[in-house]
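With the sequences and hints as input, model every part of the structure.
The listed protein sequences correspond, in order, to chains S and P. When the letters of the first sequence are read in order and numbered with this note's numbering, they come out as residues 1 to 115. When the letters of the second sequence are read in order and numbered with this note's numbering, they come out as residues 1 to 114.
Derived from the structure by calculation, the hints contain no laboratory data. Even glycine gets a Cβ: it sits at the ideal position worked out from N, Cα and C. Incorrect hints may have been included.
[Said to hold, decoys possible] Straight line, CA to CA, 25 angstroms or less: simulated DSS-like cross-link-like pairs of lysine-lysine: (1) P:K57 with S:K94; (2) S:K94 with P:K13; (3) P:K13 with S:K42; (4) S:K58 with S:K68; (5) S:K37 with P:K3; (6) S:K94 with P:K55; (7) S:K37 with S:K114.
[Unchecked claim] Over the 12 angstroms line for every Cβ pair with chain P, so calculated as not near, a few chain S residues: (8) N31; (9) T65; (10) A70; (11) V113.
[Said to hold, decoys possible] Short derived list, chain S residues pointing at chain P, Cβ under 7 angstroms: (12) Y32; (13) R43; (14) P44; (15) L46; (16) F89; (17) F105; (18) G106; (19) Q107; (20) G108; (21) K114.
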Amino acid sequence: GENVEQHPSTLSVQEGDSAVIKCTYSDSASNYFPWYKQELGKRPQLIIDIRSNVGEKKDQRIAVTLNKTAKHFSLHITETQPEDSAVYFCAASKARNNQGGKLIFGQGTELSVKP
Amino acid sequence: DVKVTQSSRYLVKRTGEKVFLECVQDMDHENMFWYRQDPGLGLRLIYFSYDVKMKEKGDIPEGYSVSREKKERFSLILESASTNQTSMYLCASSSTGQSFYEQYFGPGTRLTVT
Numbered sequence: 001g002e003n004v005e006q007h008p009s010t011l012s013v014q015e016g017d018s019a020v021i022k023c024t025y026s027d028s029a030s031n032y033f034p035w036y037k038q039e040l041g042k043r044p045q046l047i048i049d050i051r052s053n054v055g056e057k058k059d060q061r062i063a064v065t066l067n068k069t070a071k072h073f074s075l076h077i078t079e080t081q082p083e084d085s086a087v088y089f090c091a092a093s094k095a096r097n098n099q100g101g102k103l104i105f106g107q108g109t110e111l112s113v114k115p
Numbered sequence: 001d002v003k004v005t006q007s008s009r010y011l012v013k014r015t016g017e018k019v020f021l022e023c024v025q026d027m028d029h030e031n032m033f034w035y036r037q038d039p040g041l042g043l044r045l046i047y048f049s050y051d052v053k054m055k056e057k058g059d060i061p062e063g064y065s066v067s068r069e070k071k072e073r074f075s076l077i078l079e080s081a082s083t084n085q086t087s088m089y090l091c092a093s094s095s096t097g098q099s100f101y102e103q104y105f106g107p108g109t110r111l112t113v114t
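This is the structure:
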């Protein structure tokens with residue numbers, strides 16, 4: 001079945017630096033790739049997503065890139081701030097018709113931003 | 001405001017007990033999901049449902065069952081709890097509307113089986 005690998009498992013950066021988290025997926029039919037952020041003790045929340053017909057998407061300090069040929073996608077956070085510290089999960093999905101496709105999640109990356 | 005609630009934040013049960021975890025959403029979402037979250041393993045899908053009385057197995061359904069009698073409620077059942085089911089359980093829901101991809105999560109239930 002579908003598999004999503006996420007690296008690194010932990011990432012520590014200085015405030016103001018950039019952070020990059022990478023994921024690879026196995027099912028070439030996957031067409032939707034969201035990123036969720038989970039702060040300590042809180043529920044995961046969607047921060048950005050990309051669909052397979054787009055190569056890059058930006059939202060302020062965060063961006064996601066997708067390489068369908070290589071089957072990998074990445075999250076880029078620029079000018080990191082302490083409030084970016086959290087666990088980040090990538091996921092892949094192949095939605096069917098109008099049904100919310102099931103998400104296959106990566107293992108998670110614990111990002112720590114040091115002031 | 002989107003709201004997914006779970007019946008308990010913390011639960012302690014004994015081995016062999018039958019355990020019910022309840023999830024309720026008030027967004028009229030068609031799709032509901034149960035995940036378990038373990039360190040280093042991410043979120044793994046246990047079961048999901050696209051409609052009332054409908055269910056499909058996820059990646060790790062063994063030892064679990066589900067029930068969806070009403071649209072807003074999706075229950076996860078551990079038929080006979082075991083220590084390897086100690087975990088954080090997260091419920092999520094999504095719509096079949098324009099933003100049907102986005103899943104909204106509940107706060108989680110941390111279950112300990114002793």
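For each hint, the structure was consulted:
{"no.": "1", "hint": "P:K57 with S:K94", "result": "16 angstroms, holds"}
{"no.": "2", "hint": "S:K94 with P:K13", "result": "36 angstroms, violated"}
{"no.": "3", "hint": "P:K13 with S:K42", "result": "23 angstroms, holds"}
{"no.": "4", "hint": "S:K58 with S:K68", "result": "18 angstroms, holds"}
{"no.": "5", "hint": "S:K37 with P:K3", "result": "17 angstroms, holds"}
{"no.": "6", "hint": "S:K94 with P:K55", "result": "18 angstroms, holds"}
{"no.": "7", "hint": "S:K37 with S:K114", "result": "18 angstroms, holds"}
{"no.": "8", "hint": "N31", "result": "9 angstroms, violated"}
{"no.": "9", "hint": "T65", "result": "18 angstroms, holds"}
{"no.": "10", "hint": "A70", "result": "21 angstroms, holds"}
{"no.": "11", "hint": "V113", "result": "20 angstroms, holds"}
{"no.": "12", "hint": "Y32", "result": "5 angstroms, holds"}
{"no.": "13", "hint": "R43", "result": "4 angstroms, holds"}
{"no.": "14", "hint": "P44", "result": "5 angstroms, holds"}
{"no.": "15", "hint": "L46", "result": "5 angstroms, holds"}
{"no.": "16", "hint": "F89", "result": "6 angstroms, holds"}
{"no.": "17", "hint": "F105", "result": "4 angstroms, holds"}
{"no.": "18", "hint": "G106", "result": "6 angstroms, holds"}
{"no.": "19", "hint": "Q107", "result": "4 angstroms, holds"}
{"no.": "20", "hint": "G108", "result": "5 angstroms, holds"}
{"no.": "21", "hint": "K114", "result": "22 angstroms, violated"}
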